[in-house]
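Got chain Z; can you put chain F on it based on the hints?
Number of protein chains: 2
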Amino acid sequence: MKNFIYDVPTRVLFGDGQVSNVGKEVKKHASKILLLYGKNSIKKNGLYDEVIKFLTEENIEIIELSGVDPNPRIETVREGADLCRKHNLELVLAVGGGSTIDCAKGIAAQTKYHGDIWKDLCVDKKFNLLTEALPVASILTLAATGSEMNGNSVLSNSKENLKLGFNSYILRPVFSILDPTYTFSVNKYQTAAGAVDIMSHLFEQYFSPDKKGYLQSRIMEGLLKTVIHYAPIAYENPTNYDARANIMWASSLSLNGLTSAGKESTDWATHQMEHELSAKYDITHGVGLGILTPYWMEYVLDKENVHRFVEYANNVWGIFGDDDFQVAKKVITKTREFFNSLDIPSTLTDIGIDSSKFEDMATSATRLGPIGTMKKLEYKDVLEILTMAL
Amino acid sequence: MKNFIYDVPTRVLFGDGQVSNVGKEVKKHASKILLLYGKNSIKKNGLYDEVIKFLTEENIEIIELSGVDPNPRIETVREGADLCRKHNLELVLAVGGGSTIDCAKGIAAQTKYHGDIWKDLCVDKKFNLLTEALPVASILTLAATGSEMNGNSVLSNSKENLKLGFNSYILRPVFSILDPTYTFSVNKYQTAAGAVDIMSHLFEQYFSPDKKGYLQSRIMEGLLKTVIHYAPIAYENPTNYDARANIMWASSLSLNGLTSAGKESTDWATHQMEHELSAKYDITHGVGLGILTPYWMEYVLDKENVHRFVEYANNVWGIFGDDDFQVAKKVITKTREFFNSLDIPSTLTDIGIDSSKFEDMATSATRLGPIGTMKKLEYKDVLEILTMAL
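These protein sequences, in sequence, are chains Z and F.
Just so we're aligned: 352 in full-length UniProt numbering is position 352 of the first sequence, and the numbers increase by one with no gaps anywhere.
Just so we're aligned: 358 in full-length UniProt numbering is position 358 of the second sequence, and the numbers increase by one with no gaps anywhere.
Below, computed lysine to aspartate or glutamate pairings styled on DMTMM-like, alpha-carbon distance capped at 25 Å:
#1 F:Lys-28 / Z:Asp-7
#2 Z:Lys-211 / F:Asp-16
#3 Z:Lys-263 / F:Asp-242
#4 F:Lys-2 / Z:Glu-25
#5 F:Lys-27 / Z:Glu-132
#6 F:Lys-263 / Z:Asp-7
#7 Z:Lys-212 / F:Asp-16
#8 F:Lys-212 / Z:Asp-242
#9 Z:Lys-2 / F:Asp-16
#10 F:Lys-27 / Z:Asp-7
#11 Z:Lys-27 / F:Glu-132
#12 Z:Lys-28 / F:Glu-25
#13 Z:Lys-263 / F:Asp-16
#14 F:Lys-2 / Z:Asp-16
#15 F:Lys-211 / Z:Asp-242
#16 Z:Lys-212 / F:Glu-236
#17 F:Lys-263 / Z:Asp-16
#18 Z:Lys-263 / F:Glu-25
FYI, nobody ran anything at the bench for these hints, they're computed from the structure.
Chain Z extracted, bound-state conformation (with noise of 0.2 Å):
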């Protein structure tokens, strides 16, 4: 095991009414806060009412910036920190997916940087520049990226076509209130994409060329079982609590440090190649995901790494078989089979991509160098995999 600091400090308030908590948690860090949230839903399905409630009775004072889109743009971290700024706000309060959690965090730590996040941290990847930031909180809407216990954030600029990532220790929200029953009224389509995003962070750290790590495995497929249980359910069944529950957990769970932590290596090319998929497209992340995930399966898998993909499907599916590389491809298949059963398409040309761009996106996405350590993908390989996916 590689050594590592495991360090997850957000308290977690879990389960159906945690909101009503959301003004005394606010009141530990901060008197004057930002909320931010995306669209108008949390309006409609009265969540936002809640927050406001809970604040004023701990007579919180807030300032609201609402928007932020599904891809979450550098001019609203912009715009946010500028109120954070001008307000001399002291925390920032995320309702919504982890595109708003994400958001958050490029505001809380815009507003403290001097120099240009974007550039700097999203670009440059220099990420011990930033020293200090606002503390964030959130209040999740959506299981899917994590977001909510850890120092990710992924942003995008729209005149750069770009999305990039970037993270710090110091982004970890303070707190997270997560209640299953907001995700009630998440649609099949986001239900889906977001199991799959789920799955996917757990196969990026799972599929590695680490020799070692079998606690963090034995962990990763406890949750990708979870997930793989009850993603139909909440599926076909969205006000399905325990189903709802259990996803968002090991969403949570998922991207927290806690699967990485020792592991020698993790993966993350399918996730490059699909934030080059979102940044020109538009599309939803874990649909791109889902596409791409067994295609790059079947790209990277070769005799040094295919008792990994033996032991995904023994432990995670029961699959079992005398022949290594015919249980990998069951298991591939499988996979697949798994992510159609949710409706989520098999190539790219289904959600209407072609490939007049995969040679932008193949040099954009190997653009620091090779992605990924199953197998180093270069400029030709994931131009192939794109191609494969068409």
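What follows is chain F alone, placed relative to chain Z:
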């Protein structure tokens, strides 16, 4: 899933050589500390010198208290609290196994508490009375109790022949250094006992009437598989780093809240029975657990809960079959055989315990009412299980 708060702020520094950070980590919280340890083993293996060196480099003032017993005594807690008050110490740093860390928590609590923690917390279980404590930190040298990431403490009172636990969120260590190489010198007997203790913590949470807890069960199965895979390796080859590392991290994750958060119920009857054994006979906790666990399983098994044992058989041991009760009995036998393979005996007679104090122990174990949830055990049930284990 039941509503829960997950709040595990302990910063874990894991891996070979992390002790070099102890001074810097302490400095964040304190400049004068109590250094608490057990016998002379940390002086023999050089750890004591290293700790002193790295603390001194950061100008930390140190008052020492050594001689913590394997079942830490309330008298040591009182002595430590007197030292902390007298010298205005600001943090208690435990260097040792779970006993030393438990003792450090007792000292940290008693120092700031005006009453007697033995009476109010251990005996009367009025945990809410504890509102402040010194910060606790640890350098772990034995993987077993999970004390390094939680707020639990178990103390012994030899005058009253009692071993009682208490817990408080405010006693969770601010940081813990987990270096698997410190466990290389743990002998076979303690290595086996530690592995059983970790597995027992998982059993106490895994086996419950809780109809839900899917995610939690899958994670616990992963942790059980990890201990089952690596305990025999560490037992045979005490300096196998990866075995020691996986066991150490599994130990922390098995009792830091991760596996119980969201569960509707847990059991803990076996632990309560074992505390009677080690209070009366001062035996090693993990050995007591290893003897009692299979008998407890046999005693509580019934048609309401047989599915739990089948799940355990299928997912942890790969034991399948058509008859649920046969599968359950097979996996109980398998569990006992596994313990035996680590030279953990199967009966109380094997460790020199006769039935003379069984009635006392059964009375004491159930003094606050029935124990456990899989089956609520009253006086006569505890007596029966102890008799089966004879």
